[in-house]
Structure formats: C-alpha cells, structure tokens
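A.B. asks: Taken in sequence, the protein lines are chains B and X. Counting in our numbering, the first sequence runs from 1 upward without gaps. Counting in our numbering, the second sequence runs from 1 upward without gaps.
Where hints are given, some of them may not hold.
No distinction is drawn between identical chains; accordingly, a pair holds when it is met within one copy or between any pair of copies.
[Unchecked claim] Result set (DSSO-like, lysine-lysine): computed pairs, CA atoms no more than 30 Å apart in a straight line: (1) Lys-208 / Lys-191; (2) Lys-24 / Lys-195; (3) Lys-24 / Lys-186; (4) Lys-144 / Lys-191; (5) Lys-24 / Lys-165; (6) Lys-82 / Lys-47; (7) Lys-24 / Lys-191; (8) Lys-208 / Lys-186.
None of these hints come from the bench; they were simulated from the model.
2 protein chains.
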Amino acid sequence: MSERNTPDVVVVGSVAFDSVQTPKARHDKLLGGSASYTGVASALFAKTGLVGVVGEDFPQEYTDVFTDSGMDLQGLQREKGKTFHWDGIYEDNMNNRRTNSTDLNVFADFNPIIPADYRESPFLCLGNIAPALQAHVLDQMEEKPFVVLDTMDLWINTTREDLLKVIARVDLLTVNEHEARHLTGKGSLLKAAQKILDLGPTYALIKKGEHGAFLMSREDILIVPAWPLVEVLDPTGAGDTFAGGLIGTLAARGRVDREGFRQALVNATVTAAYTCEAFSVDRLRQVSRRELDARAEEFRNMLP
Amino acid sequence: MSERNTPDVVVVGSVAFDSVQTPKARHDKLLGGSASYTGVASALFAKTGLVGVVGEDFPQEYTDVFTDSGMDLQGLQREKGKTFHWDGIYEDNMNNRRTNSTDLNVFADFNPIIPADYRESPFLCLGNIAPALQAHVLDQMEEKPFVVLDTMDLWINTTREDLLKVIARVDLLTVNEHEARHLTGKGSLLKAAQKILDLGPTYALIKKGEHGAFLMSREDILIVPAWPLVEVLDPTGAGDTFAGGLIGTLAARGRVDREGFRQALVNATVTAAYTCEAFSVDRLRQVSRRELDARAEEFRNMLP
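Chain B extracted, bound-state conformation (with noise of 0.2 Å):
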C-alpha cells in the first residue's frame, strides 16, 4: 500500500476566465474563480490541492501559474467545452460592481471528485459552489477535516435549505457584511454573525472589504482592519484571497487555536491586499514568502 500524498489544504471552487472592467482599464479572459485565489493564496503557507473544472480553452499559461505556485492539480478536471466566463464591470469609483454575463460552460456541470490523495486533508475550503455540491466534497472526505465554507446570495436566495444544511456540518462560515445580513436578516454585523453561530459553525469570518474582517466564536471575537491601500486596482478576488491566506496560515500551524487565528488574520489580510494592487492573481503569485512576512510584521505594527 503507497503512502498517500496528502495536501494540507484541499481547495474547491471554481475556476474561470474573468474580463474585468474598471474605470481605468478592462482585460479580458484573466486568471479568475474562487479556487485560483483562494488556492494561490493558501499555497504560500501550506501544500494545496485544487479540485474544479476547466474547459479544453484553458491556456498551459493559466496551469502554470498554480504549478508554480506549488499547488497540485491531480483534482483539476478538464472537460469538454469552454471554462467558466465572467464578465463584470466596476462602477462609481469602484464602489460598485455590476455582472455583465456569466457564462458557466463546464462548470454547469461541475461534479467535484476528491482524489484518494486528498481525502485525508486536515483542512478544506468549499468555495461558492452550490450547496448540494459542498455537502457532496464532505461527503467523500474520509477523516473529518476543518471546514471554511463560503457562499453567495445565490444560494441564499435559491437552495437555503441546502446552504443551512451544509453551514450546520462546517466549522467556519465565511461571508461579506452584505451576505451576512442577507442570511440573517440581522442589520447588525455582530448579531448576524452571533446567529451564523447558530446555524452551526464554531466561527464566523465577517468580511468588510476595506473596513477589515471580525471573526466571531461564542467566547471570542478578533477584529483585523484592512491594509491601507492608496489604489485599488482591482478587487475581484479579495474575499477568496482572504479565505486562502486564513486557511493556509491555519494549516500551516497545524492546529486551530487563538493564536493561530491571529497570525491568519493578519496574513489573510496582507493577500488580499496583494489581490486588489493588480488584476488577477497577477501580484499575488508574484509575492515571495519574505516579502509577505514583511508586511505582515509592518501590518502588526500598525495597530495599537
């Protein structure tokens, strides 16, 4: 019996070609999905495997970037068809972005296989899929791993019944302020992340954009604000890069604890930073480990 090749953190999620908008400039078919910046972030900290789905148009070019990032690709599918393609457009000052199309082509039909390897990963990330999907990746997990779970007001609107079920089996649900009152129906981000508590996880990861992140347990809360960032270039991306800072420095510890949640706040929120300084991963996957730790010692001192 061969020993397996275990990740430390499995990463499901899509993967996509993203055209971007912004006042300033728009580029088409860019590096984008939830899994791409979620897994170039965690795999700074931690050995990470991607499971999602391309289609036959997905460039060498884009596989080389998680390659090089360190990720294994053995749960990339590619399929017949064209990738995911998501077409949106940043307004007013950045402050607001508006989805031209959304082309899911492959992804429409994403059945995520967990390969033997990573059955046995003590930490995973189920990105924006749809609820039935992520309950379906716990399924096929043989030991129980940490779970962050993300979501969107799709499956709010659409599956609730499935999205409660799958919260309820997670140990971290990760959402924006916007998706947090829209689950909750609570106006106050502390209240709605008290009742995301009791929907089941142990924690609640409130994302705020630039106004920072709380996670909340029923002892605990730690709040992180964001890093000061003159110019954004382009946010797509961030809350997913935050996600995979988080669960990376987590697994990288090895254990979840206060102290680990600590550091992986302040790493996430250094990622998401690199994230919003170019399009893509385009920064990201270009950051080495030294220079990240440096911010994230200059991020520390910053606070009171």
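Dock chain X against chain B, hints included.
C.D. replies: Frame of chain B, contents of chain X only:
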C-alpha cells in the same frame, strides 16, 4: 507671585443642550456640546480645564457633571440669555442624522477667553467652533501647546480661508471621513489624510465611526477598528469623546510619541464606545478608570 494651577489639557468648544430622537427614544435638553464630551473623556486621564459658554438656564446639575468628572471650570463663562440648543433625529436604523433646529443663543457671541491658569497648558483641544475663534484661542496661549483641532462642514463651506490658516498652526487635525473628503477633495481617505498633512499638521486623524479610525503622519500610520458594539443607543458626541480620550491619554503620558498614540487610540476607541452606550455623557461619566483600563486591555486583545 503665585504658582499657576495649570491643567494638563485645555478643551475649548461648545457646551449645549441636546434634544435627541432615536428610533427607540426621545430625550430633551440633555447635556451636550463638543467641549462637554471631549472634556469628560479627557478628564478620565488628565487634569482638564474647560473653556466654553452657557446661558442663565444651564442647571447646577450639569455643572456638577463637569466637576464630578474632575474638570476645572474657570474657563466656563455664564452669559445672559439661553444656552446653545441643538435638536436632532437619528433615522434609517441610526444611519442618518438630521438636524431639526440649532439655536445658537449665547454661543452666537462666544468669545473664548483663556484664564491665566490655562495659558501654559501643554495640550489644547480646539473643538468645533469658528476658525477665527480657534485662532484667537491660539493667540492667547503663552507656551506653544500640542494642539488638536476639530472642525465641521459649516466652516469648510463658509470660512475656508480662516480654516486653512488655523489648520496650518496645529499639530493634529481630527475630522470624520466625510469632512476629510470635503476638505481635501480626495475620495481616498489615505490620500485625504496625506493632503491634510500638506496643509501643515504633523498628524491627521480620520474617524470612520463604526469602522474605527486611523492616524497618519508623514512616516507612519496607526489603524484602529471600533469597539464592537451590539447596539448603539445614541452616537452623539462619539467623535468628540474620541478626541478627548486621545488628548487626555497623551497629556497623562506627558509627551507625544508613537507608544503614546498607540495607548491614546485604544483609550479613545473605548471612551467613544461608552458614549454610544447611553444618551449624553450618562455612561461615560460613570465609568471608573479601572473599568476603562480593563476594557482597553480587552480591546487590545481583540486585535491580531
């Protein structure tokens, strides 16, 4: 020649009656005004003298609030007529503040006179009054103090030249995010803060309400989130309280340095939260220094 009884901090600003309506309650003729909030907060940390004006209708009960807080009232003038009265309402789930009426009364002719005992105070907080009056206060100081200046939209709109002149004479300008953008014409708060430094002050403090605050100098930045408040009863005076907690802490330390600002931002955050927990200074004035220090420690522990 007698020794002067010099306070550590002199606070100049409005003393007022506030009538405040929130979605849950209405209270009339509460103790309000920028100098009241700033003074009570500052007095928690350092010997504080108040410079302001009230009318014949200002009750002993409210003067007692000041003296019970340990403030020196040599600089509090009592004039013929009525006390400044502001009437406002918080709408849309507390997110929008609207003024019903502003009766300046004796405040319309306020001529701040700095008592001899106050003229060598090392710290001066110039609350939100006309820039020409702020300059007049500066002219009366015999030693150059460390000066914190607050302002508001009214002065940015109506007396911009006077305002720019007085800004150039102070050490720290404190404004909320809206005022920062309005004063500088910059959408990015970081760029707005940089622009404020170009106007003269060594420090720019941008207050972001529930999203915290940041303090910028040419070389440095400190960022602080807000204390996590599940419910805000009345946010009136929170920004003034923040300034008071800040200057009081710096004054108690006796010098202005990075470590002092770290402590000051934590104390400012915590004192401002107490103000939000009740109407007027009702919660703030009952806080013991021991309670406050415990909450400050708790807050520090919430940061990563």
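A.B. asks: Would you mind marking each hint as holding or not holding in the structure?
C.D. replies: Each hint tested on the structure:
1. Lys-208 / Lys-191: Both, since 15 Å and 20 Å are each at most 30 Å.
2. Lys-24 / Lys-195: For Lys-24 and Lys-195, the Cα distance is within 30 Å only across copies (23 Å; inside one copy 40 Å).
3. Lys-24 / Lys-186: Answer is between: at 17 Å across copies they meet the 30 Å cutoff, but 36 Å inside does not.
4. Lys-144 / Lys-191: Classified as within; 29 Å inside a copy, 47 Å across copies.
5. Lys-24 / Lys-165: Neither. Shortest intra-copy (42 Å) and inter-copy (36 Å) distances fail the 30 Å Cα cut-off.
6. Lys-82 / Lys-47: Within. Shortest intra-copy distance 28 Å satisfies the 30 Å Cα cut-off; inter-copy 71 Å does not.
7. Lys-24 / Lys-191: between (38 Å within a copy, 18 Å between copies)
8. Lys-208 / Lys-186: Close inside one copy (15 Å) and across copies (22 Å); limit 30 Å.
Of the hints listed earlier, the one the structure fails to meet is number 5.
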